[in-house]
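**Student:** The chain contents come next:
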Amino acid sequence: MEANRSNRTLLGQLLLLAAGMFAFAIFVMPPLYDLFCEITGLGGKTKGVYEAVEVKIDTSREVEVQFLASNNESMPWVFQPTEHHVVVHPGEARKVTFFAHNTTGRDMVAQAIPSMVPNNTADYFHKTECFCFNNQPLAAGEKAELDLIFIVDPDLPASVNSLTLSYTLFDITDSVSSPVAQLQ
Amino acid sequence: MAHGPAKGIGRWLFTTNHKDIGTLYLWFSFAMFLLGGFFAMVIRAELFQPGMQLVKPEFFNQMTTMHGLVMVFGAIMPAFVGLANWMIPMMIGAPDMALPRMNNLSFWILPFAFAILTSTLFMDGGGPNFGWTFYAPLSTTYAPDSVNYFIFAMHIMGASSIMGSINIIATVMNMRAPGMTYMKMPLFVWTWVITAFLLVAVMPVLAGAVTMMLMDINFGTSFFNAAGGGDPVLFQHVFWFFGHPEVYIIILPAFGVVSQIIPTFSRKPLFGYSSMVYATAAIAFLSFIVWAHHMFTVGMPIAGELYFMYATMLIAVPTGVKVFNWITTMYKGSLTFETPMLFSIAFVILFTFGGFTGLMLSIAAADMQYHDTYFVVAHFHYVMVAGAVFSGTAAIYYWLPKWCGKMYNETMGQVQFWVAFVGFNIAFMPQHFLGLAGMPRRYADYGLQFADWNMVSSVGAFIYGGAQLMLLFNVVMTIRNGKPVSDPKVWEGAEGLEWTVPTPAPYHTFATPPTVK
Amino acid sequence: MPQGVTEVSQAAYDIHMIMVWVCTVIGVGVFGFMFYVMYAHRKSRGAVAENFHENLVVELLWTIVPAIILIVMAVPATTALMKVYNTENPDIDIKVTGYQWKWQYEYVGEGVKFMSELNTSSDEIYGRAPKGEHYLREVTQPLVIPAGKKVRFLITGNDVIHSWWVPDFGVKRDAVPGLFTSAWAKTDQPGIYVGECTELCGLGHAFMPVVVEVKEEAEYNEWLAGKKAEAAEYASTIGKTWTFDELMVRGEEVYTRSCASCHQADGKGIPGVFPALKGSPIALGPPEGHIGILINGVAGTSMQSFADQLSEVDIAAVVHYERNAWGNDVGDVVQPVDVLNYKQNQ
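Protein chains in written order, with this note's numbering: chain A, 665 to 848; chain B, 453 to 969; chain C, 17 to 362.
One thing to keep in mind: the hints can contain errors.
What the hints assert, rightly or not - Pairs of lysine to aspartate or glutamate, EDC-like flavour, derived with a Cα cap of 16 Å:
id: 1; chain 1: A; residue 1: K791; chain 2: A; residue 2: E756
id: 2; chain 1: A; residue 1: K759; chain 2: A; residue 2: E747
id: 3; chain 1: B; residue 1: K508; chain 2: C; residue 2: E140
id: 4; chain 1: C; residue 1: K244; chain 2: C; residue 2: E122
id: 5; chain 1: C; residue 1: K244; chain 2: C; residue 2: E126
id: 6; chain 1: C; residue 1: K118; chain 2: C; residue 2: E154
id: 7; chain 1: B; residue 1: K508; chain 2: C; residue 2: E126
id: 8; chain 1: B; residue 1: K784; chain 2: C; residue 2: E66
id: 9; chain 1: C; residue 1: K166; chain 2: C; residue 2: E23
id: 10; chain 1: C; residue 1: K243; chain 2: C; residue 2: E126
id: 11; chain 1: A; residue 1: K807; chain 2: C; residue 2: E262
id: 12; chain 1: A; residue 1: K759; chain 2: A; residue 2: E793
id: 13; chain 1: C; residue 1: K166; chain 2: C; residue 2: E232
id: 14; chain 1: B; residue 1: K784; chain 2: C; residue 2: E122
id: 15; chain 1: A; residue 1: K720; chain 2: A; residue 2: D819
id: 16; chain 1: B; residue 1: K969; chain 2: B; residue 2: E947
id: 17; chain 1: A; residue 1: K759; chain 2: A; residue 2: D811
id: 18; chain 1: C; residue 1: K166; chain 2: C; residue 2: E233
id: 19; chain 1: A; residue 1: K791; chain 2: A; residue 2: E718
id: 20; chain 1: C; residue 1: K118; chain 2: A; residue 2: E737
id: 21; chain 1: A; residue 1: K807; chain 2: C; residue 2: D261
id: 22; chain 1: C; residue 1: K294; chain 2: C; residue 2: D345
id: 23; chain 1: B; residue 1: K935; chain 2: B; residue 2: E862
id: 24; chain 1: C; residue 1: K59; chain 2: B; residue 2: E944
Keep in mind the hints are simulated off the structure, nothing from the lab. Predicted, not measured: the structure shown is a model, and the values here were computed from it.
Generate coordinates for the entire structure from the input sequences, incorporating the hints supplied.
**Tutor:** Right, here's the structure in full:
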């Protein structure tokens, strides 16, 4: 009976431990991961909306920013940058546009996913407005000029004088109508 | 007090006896070994000549995938678990494993899992065809319908390994005979305890990877899908965080076996016992922090790539220590070359050779030319086949007399060894040249410049396959017609508690713990 | 391993050979010692076992010396890797996209883009015809780059992960859908260099080789100018992406002059003589089947092949019109390039 009692205590402690592990995984891990990614800059993805701060524009330096556009799988839209490349000063806000055209006979929704080369410069490329922040619905036959406003950080390492920003366009028409998406 | 074994099929279904369960694992793993070997024969038959002669590329991809899955998860891992079950209790003077009923469950879910996995080959759309490493999105968005069964089988198999490892840790921590301190345990027990910790740590990570796959495939999540904000490369990180320790899980028990056999046939204690223990622990620790060396071409930042290169190169140090210790055990011993010793010596030589190619692979700049080619295939077959499988074979010849009380035919054993040794090298040495010449892995067909070495490799593979049938023959003939052995020690140089029990080992041993000085 | 034609391939080769030699020397030493022991210390030769099992000096030596060897190896290994990563300041950017099961090459900023697919016939693969000298090493259009210029490759995947490898360049980089990786090559040696896809990508994994042709700069410029002209012409007709409505308008024109005489303006045909297109299973079915009827005709009937009579643009337009007019409303779009692809894949 004594053994049963202490077994029961142990069981209670272990169940508590298991519950604690679940709570840790659900509530503590995600913020820790976010912090880790923020500090180390790992991930290569450009971040979300950038709140612009007053920065001195470095007129002594020029950085070329090149734009690429790709369609994933059989995404049928026309999708291309209006200008293939621009030259900016670090700290200077610049607007460029991408042209998108739904050439099919049905309404569709797309998501543009950015990728930066060189990969470790993603931290130095700030987007204050980007069509990639939201999904892009276009009706059948509709065309659109999509905006991107960015600032190259003056702290960009001196050895880098060219950046290539690529967008891959994904067809998410089906997933947007799915129950999961509606929950979000 | 102890009963003999129960009668009939019930004995095997309901047994909680570590020897019976060990036997079940060993026969199951051998059946899986033959199944995985059959898939390999299909692969090598198709690759015998350029062009598609026997199977379509879709089916070829299923063969390469299933060969890997069955061999890694169905053959090698259960075989060493079987050896652990048989030998660990006897080696530490314990009557059985700590959790005998869970032991039974750990085994019996395996045939169930592999029946499900194998049945996928007969489903519409075929079985898994995305490689044993099942990278997303090939294994998610583009997978055949059977992928959910694949995931289910992986979960079950993972649960089996986790339960088995818990059992081993609990047994070794709690049930050692009085006087058997940790630093007096046989190396086989040490390597298995360390392996068990590795398993408990990383099998859940694999479970996480396949669960994320399941979510992406069936529930619209985007872990590995860039469209939803995820990343296909995340899959590779999660998989290899499991995958690299996994290969050490495969090899550490093999190190343990060889560390038992070489001293016996050198008639000399293992050289450097403590360093062997520490080296094994060092290898296990390092195995957690090197995973991205499987991903050198994925475009990691250079700092990460350099770190993983240096950390991987470091593993050569403790591994080298072990190799030197084995050889020094033999040095100034009194050597005989029975079949277990032949396999063990071949292990030391060929595993070390595989270790050299592993060191070459760790050099990231050179890996740009090796990655995903036959050079890698050659490397891992040297360490897993000439390494783990040869060690497992050595263990069978070494311990079979203790298990069944009959001695195998030494000439037949030596013949089987040489056929296996020659067949293996003819099969896999040319694959280094193929990789260096530019032939990628998982290729159903190849350019004409790769034809000659492919033909040689296929011939060797068939010879090696034949050697496994000879092994089966040897084992069965021994059990039925082998010369009876009754000396508990069996081998002149054998030391350890397991060699103090009668031969064949009684159903229950060490019901009363021995005292170890 | 080839020495190849770039700084990177040479660096990979050099470090590979260093490793081969180091491992050979160590292997010969260790195994040689082992064979000696197996010979000299056999029981059958009368050897009697000693009992030692520890020696601190020896154990420290064989821990520290290998560690030192590794540290020494790490130096050239590091400089070689730094060369691999040196993608700064390229002269040319090429976007490489891996598809199931072919490559697409795009000359960034030049408007030149094309697919590069395996050119070996399936007859050769399946043994119905003898294998040519370039079996599995030939493509419809190789990637062409100039000698003497630094070329940067921006690599992505269209569907699953592929990997772009040219052994002679020392370049292998994964092509991952949704993100871009980069690599570079610069060579002074014109020639044809063959590589492979090196990441399992489905049933065609072994059937999507990489072929790169390096031309002298002047020849390259000439080639590029030709490709641009081709691209401009193509873009204004076949390669152009037509909208749903543009195709309907053109399609109706083509239908009226080429099809209505038999199939009637209302698409209902003449029962028993000319099939109705309104509600027709072919018009409502997969586009390939529908295109096929126009390209090949229907043997034994008066439906002729229109491949030589109508351009790809006109065939696409009329097929599109037939699929969407009279309440058929399939809703898809058939582009001229689809018709071209159909013709080329026959």
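**Student:** Hint by hint, say whether it matches the structure.
**Tutor:** Against the structure, the hints come out as follows:
no.: 1; hint: A:K791 - A:E756; result: holds (12 Å)
no.: 2; hint: A:K759 - A:E747; result: holds (11 Å)
no.: 3; hint: B:K508 - C:E140; result: holds (14 Å)
no.: 4; hint: C:K244 - C:E122; result: holds (12 Å)
no.: 5; hint: C:K244 - C:E126; result: holds (7 Å)
no.: 6; hint: C:K118 - C:E154; result: holds (12 Å)
no.: 7; hint: B:K508 - C:E126; result: violated (40 Å)
no.: 8; hint: B:K784 - C:E66; result: holds (6 Å)
no.: 9; hint: C:K166 - C:E23; result: holds (11 Å)
no.: 10; hint: C:K243 - C:E126; result: holds (9 Å)
no.: 11; hint: A:K807 - C:E262; result: holds (14 Å)
no.: 12; hint: A:K759 - A:E793; result: holds (9 Å)
no.: 13; hint: C:K166 - C:E232; result: holds (13 Å)
no.: 14; hint: B:K784 - C:E122; result: violated (67 Å)
no.: 15; hint: A:K720 - A:D819; result: holds (11 Å)
no.: 16; hint: B:K969 - B:E947; result: holds (14 Å)
no.: 17; hint: A:K759 - A:D811; result: holds (7 Å)
no.: 18; hint: C:K166 - C:E233; result: holds (12 Å)
no.: 19; hint: A:K791 - A:E718; result: holds (14 Å)
no.: 20; hint: C:K118 - A:E737; result: holds (13 Å)
no.: 21; hint: A:K807 - C:D261; result: holds (13 Å)
no.: 22; hint: C:K294 - C:D345; result: holds (10 Å)
no.: 23; hint: B:K935 - B:E862; result: holds (11 Å)
no.: 24; hint: C:K59 - B:E944; result: holds (12 Å)
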